[in-house]
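There are 2 protein chains.
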Amino acid sequence: MTQKATIIGGGVIGGGWVARFLLNGWNVSVFDPDTEAERKIGEVLANARRALPALYDKALPAEGTLTFHDDMGEALAGAAWVQESVPERLDLKHKIHAQIDELSPADAVIGSSTSGFKPSELNAHGGRVVVAHPFNPVYLLPLVELVGEADTCAKASDILRSIGMYPLTVRKEIDAHIADRFLEAVWREALWLVKDGVATTEEIDEAIRMGFGIRWAQMGLFETYRVAGGEAGMKHFMAQFGPALQWPWTKLMDVPEFTDELVDLIAGQSDAQSGHMSIRELERLRDDNLIGMMRALKKTGSGAGGVLNAHEAMLPDPEGDDLPITVDRVIPQSWTDYNGHMNEAHYIEVSAQATDSFMLMIDADADYIAAGNSYFTVENFVQYHAELHAGDRLTVTTQVLRGEGKKMHLFHRLHGPDGEVAATVETLLLHMDLNARKTSLPTEGVAAKLTAFAEDHARLPTPQGAGRHVGQRG
Amino acid sequence: MTQKATIIGGGVIGGGWVARFLLNGWNVSVFDPDTEAERKIGEVLANARRALPALYDKALPAEGTLTFHDDMGEALAGAAWVQESVPERLDLKHKIHAQIDELSPADAVIGSSTSGFKPSELNAHGGRVVVAHPFNPVYLLPLVELVGEADTCAKASDILRSIGMYPLTVRKEIDAHIADRFLEAVWREALWLVKDGVATTEEIDEAIRMGFGIRWAQMGLFETYRVAGGEAGMKHFMAQFGPALQWPWTKLMDVPEFTDELVDLIAGQSDAQSGHMSIRELERLRDDNLIGMMRALKKTGSGAGGVLNAHEAMLPDPEGDDLPITVDRVIPQSWTDYNGHMNEAHYIEVSAQATDSFMLMIDADADYIAAGNSYFTVENFVQYHAELHAGDRLTVTTQVLRGEGKKMHLFHRLHGPDGEVAATVETLLLHMDLNARKTSLPTEGVAAKLTAFAEDHARLPTPQGAGRHVGQRG
Chain X
222 MTQKATIIGG
232 GVIGGGWVAR
242 FLLNGWNVSV
252 FDPDTEAERK
262 IGEVLANARR
272 ALPALYDKAL
282 PAEGTLTFHD
292 DMGEALAGAA
302 WVQESVPERL
312 DLKHKIHAQI
322 DELSPADAVI
332 GSSTSGFKPS
342 ELNAHGGRVV
352 VAHPFNPVYL
362 LPLVELVGEA
372 DTCAKASDIL
382 RSIGMYPLTV
392 RKEIDAHIAD
402 RFLEAVWREA
412 LWLVKDGVAT
422 TEEIDEAIRM
432 GFGIRWAQMG
442 LFETYRVAGG
452 EAGMKHFMAQ
462 FGPALQWPWT
472 KLMDVPEFTD
482 ELVDLIAGQS
492 DAQSGHMSIR
502 ELERLRDDNL
512 IGMMRALKKT
522 GSGAGGVLNA
532 HEAMLPDPEG
542 DDLPITVDRV
552 IPQSWTDYNG
562 HMNEAHYIEV
572 SAQATDSFML
582 MIDADADYIA
592 AGNSYFTVEN
602 FVQYHAELHA
612 GDRLTVTTQV
622 LRGEGKKMHL
632 FHRLHGPDGE
642 VAATVETLLL
652 HMDLNARKTS
662 LPTEGVAAKL
672 TAFAEDHARL
682 PTPQGAGRHV
692 GQRG
Chain P
222 MTQKATIIGG
232 GVIGGGWVAR
242 FLLNGWNVSV
252 FDPDTEAERK
262 IGEVLANARR
272 ALPALYDKAL
282 PAEGTLTFHD
292 DMGEALAGAA
302 WVQESVPERL
312 DLKHKIHAQI
322 DELSPADAVI
332 GSSTSGFKPS
342 ELNAHGGRVV
352 VAHPFNPVYL
362 LPLVELVGEA
372 DTCAKASDIL
382 RSIGMYPLTV
392 RKEIDAHIAD
402 RFLEAVWREA
412 LWLVKDGVAT
422 TEEIDEAIRM
432 GFGIRWAQMG
442 LFETYRVAGG
452 EAGMKHFMAQ
462 FGPALQWPWT
472 KLMDVPEFTD
482 ELVDLIAGQS
492 DAQSGHMSIR
502 ELERLRDDNL
512 IGMMRALKKT
522 GSGAGGVLNA
532 HEAMLPDPEG
542 DDLPITVDRV
552 IPQSWTDYNG
562 HMNEAHYIEV
572 SAQATDSFML
582 MIDADADYIA
592 AGNSYFTVEN
602 FVQYHAELHA
612 GDRLTVTTQV
622 LRGEGKKMHL
632 FHRLHGPDGE
642 VAATVETLLL
652 HMDLNARKTS
662 LPTEGVAAKL
672 TAFAEDHARL
682 PTPQGAGRHV
692 GQRG
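Protein chains in written order, with our numbering: chain X, 222 to 695; chain P, 222 to 695.
Keep in mind that a hint or two might mislead.
Each pair may be met inside one copy or between any two copies, as identical chains are not told apart.
When the alpha-carbon atoms are kept at most 35 Å apart in a straight line, the in silico DSBU-like pairs for lysine-lysine are as follows [what the hints assert, rightly or not]:
no., residue 1, residue 2
1, K627, K456
2, K519, K416
3, K316, K520
4, K316, K456
5, K416, K670
6, K339, K519
7, K659, K261
8, K670, K659
9, K456, K261
10, K339, K416
11, K519, K393
12, K628, K376
13, K659, K339
14, K456, K376
15, K393, K628
16, K519, K261
17, K376, K519
18, K416, K279
19, K261, K670
20, K393, K279
21, K627, K316
22, K627, K376
23, K628, K659
24, K627, K339
25, K670, K339
26, K659, K520
Worth flagging that the hints you see were computed from the coordinates, not collected in a lab.
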């Protein structure tokens, strides 16, 4: 049965939660007295629909249903997850959580997006709220800091993983949890540097993203230092770096006065840095960069890439009526080129995915490959019939033209969003002994499965032109 | 003439500088009394040779010559850049820089890799050193903080850009420059969190890389907040976030005592986190991740991606004797698959690059496309003859089989590292009106250039089998 999440408080963070749940197939109800809530959430959703599916090489579940409510009880009925993202005022949070506690199902997880308050503060008058602190953009970044009662955090973790997030349960409650303590430390130091005229906002951003930012994106702080310490190890590194703690380097002991002049200085520098781009343009640039980097991390499974791989493995495989569906996915922005459509290379990337899926169907899987067996492509013939665009849903059906001996001859049809055949890829593969790097026969099990598909598909007409191009002597 | 850089002091940072200069075609001489210097630099170089070329879609210049010297004067003779990376002791730096000053060419740039000392400290007894502070791994990360005399910094900037780095000239000298002030602030806070049992080293790394780390890698701090502030702008954001400066969040006002217990706690947690991997394995994982993310940023030109694009544009285009060379590059690790060789899709990525290069040769360039003209691929026929591997140099020659009317029929040969034909791609393109999305005739200028190539290539034999597969009615 479709599950339901209730989002109390829209805005950028609440809207991000709406998108996370909705695009992962949950029904979502929203309560927010702001008359602009529907518009604001709609804008976040538009970004999310463009971005989130592009992270995956499989289609996400069908979207759930989104509803807006004026009555909190109605919004909360039947919810399995309630997320509060109202402004950071403790009196307001207390008032809202008293209502949520009364009106929500007894077994619902109740999370607060607070970046500053501790569970003991939120639950000062009783209650069962846990902190579930996400990071903007909530629809792309995996991290959620969980703080609170252990059983609830464990239950919350399972749900968060199922919507592609990374729950990090904090061992002790503490002001600002973990990540925001670092952000706060850096923010203070940055304000001093701008105020003292050492660097502009743009120069500080470059100092971060051209160096340690890109380092931290994949390993974090300690692992980076472990590697920097080299073979001598972490103790050696700390022996070198430790004493620097005593050096009079930072201005951390003091807080810059938050004057209008400082605000104007920073706002002015920020305008000079990127005032030529609208916030919407900046958001899309940010999202395209995040998607590109997170997709890159999928290759190694590091950090956010590992979260994506785990989530993708949970997504259901599509089933075909007639021919097997070997790919069902959405086209990411990064696959398009200067002609404004999917670049020719990615048609082959998709057909290679289709071949990989088909290999799984005949048990030529990871174990089979680890045992030294595989198929190598020797020829591909691609016919491009229609343009495909970023965001398009793309499905591939695979027909076996021939499957005997060393040969596996496949015909992939790439179907665009309206079901039309956007391209065909005729592909000839030979079975290989990976150790000898020579052709060989498949195992009996694989051969039998391949033959069964070939015999079944023999009832279908041969695609026009197939077999004439591929697999012939030159 | 080949330029020369002298590296004083090997190790991880000095070795990184060696690799940066050497792989960008400079000759490099090293002075380091450590008897292990040659081995240590060799290890960094092995990593760099595997990693740096993978960032680019063009080949880097031929490597320069690397020499090791026992005599500092010999090492310094003829150097255009001298980089000192000796341990962070001011007396040692003074001694070394007195010698460099005496023995190096008068017009050489003299840089120090120091993370802590200011130019006024380094030059306390006279001298012309500027701080040129890089980030590990020096062969991949672009950032170099430059501090010192303005003319020298300007000259240094030009050289650093020519070897693919991003010079950031700091406006005022200050302890620890810019980036290390942030690193120090975060390091202190992280030590408290571990010491107080709030989080382990691994949890802290996840809190960084699953959230703000990946955000900072592409936009830095202020730009991220600008976007978070939304349409209300930077002032609105600061009005919200500013007051938090006064909150008692961080332990920054105090420094944790650097006891053996704390060192053991952190080293032990770090071992638990990744003791199953050797430092060499971690380095390669880090490098693969950095390459993948930096290549992703090339698509949008953000941050490190913009630096790569600018550097790539400076690299010379190859020239063919007979057929034009349309691609000359190295195969990145991320292009390989579970079969241990370049995945079939990237053969088309390379042939698409070859087609793009050839289009430039007939003036079908960015302006031409902006004016609404382009070529679309309608068919590709790929024959895979030999495996290609990560790190292999790959060149493509392009033969025009036919170029008349709307048609451009090309035959790309992909040559592996020994010159052998590893694959061929026969490709048929049609000229398009990008506004109408319909076929059209090329402009006279483009048509004339294409015809000239076609007529010149008509003297060559038609490749075996070409024209039979592609461009025929099914």
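Each hint tested on the structure:
1. K627 to K456: So K627 and K456 fail the 35 Å test inside a copy (55 Å) and across (67 Å) alike.
2. K519 to K416: The answer is between: 33 Å across copies meets 35 Å, while 40 Å in one copy does not.
3. K316 to K520: neither (46 Å within a copy, 47 Å between copies)
4. K316 to K456: between (49 Å within a copy, 29 Å between copies)
5. K416 to K670: Cα proximity of K416 and K670: none, with 70 Å in one copy and 58 Å across.
6. K339 to K519: This pair counts as within: shortest intra-copy Cα distance 34 Å, inter-copy 41 Å.
7. K659 to K261: Neither: 59 Å inside a copy, 39 Å across copies.
8. K670 to K659: within (22 Å within a copy, 44 Å between copies)
9. K456 to K261: Between. Shortest inter-copy distance 20 Å satisfies the 35 Å Cα cut-off; intra-copy 50 Å does not.
10. K339 to K416: This pair counts as both: shortest intra-copy Cα distance 32 Å, inter-copy 20 Å.
11. K519 to K393: So K519 and K393 pass the 35 Å test inside one copy only (31 Å; across, 41 Å).
12. K628 to K376: Intra 49 Å, inter 61 Å, cutoff 35 Å: neither.
13. K659 to K339: neither (62 Å within a copy, 61 Å between copies)
14. K456 to K376: Neither way: K456 and K376 sit 37 Å apart in one copy and 39 Å across, limit 35 Å.
15. K393 to K628: The answer is neither: 60 Å in one copy and 68 Å across copies each exceed 35 Å.
16. K519 to K261: both (31 Å within a copy, 31 Å between copies)
17. K376 to K519: within (26 Å within a copy, 40 Å between copies)
18. K416 to K279: Neither: 48 Å inside a chain and 42 Å across chains, both beyond 35 Å.
19. K261 to K670: Answer is neither: 52 Å inside a copy and 53 Å across each miss the 35 Å cutoff.
20. K393 to K279: This pair counts as neither: shortest intra-copy Cα distance 37 Å, inter-copy 51 Å.
21. K627 to K316: Neither, since 70 Å and 70 Å both go past 35 Å.
22. K627 to K376: neither (50 Å within a copy, 62 Å between copies)
23. K628 to K659: Within one copy only: 13 Å inside, 39 Å across.
24. K627 to K339: neither (63 Å within a copy, 68 Å between copies)
25. K670 to K339: Neither: 57 Å inside a chain and 70 Å across chains, both beyond 35 Å.
26. K659 to K520: within (27 Å within a copy, 37 Å between copies)
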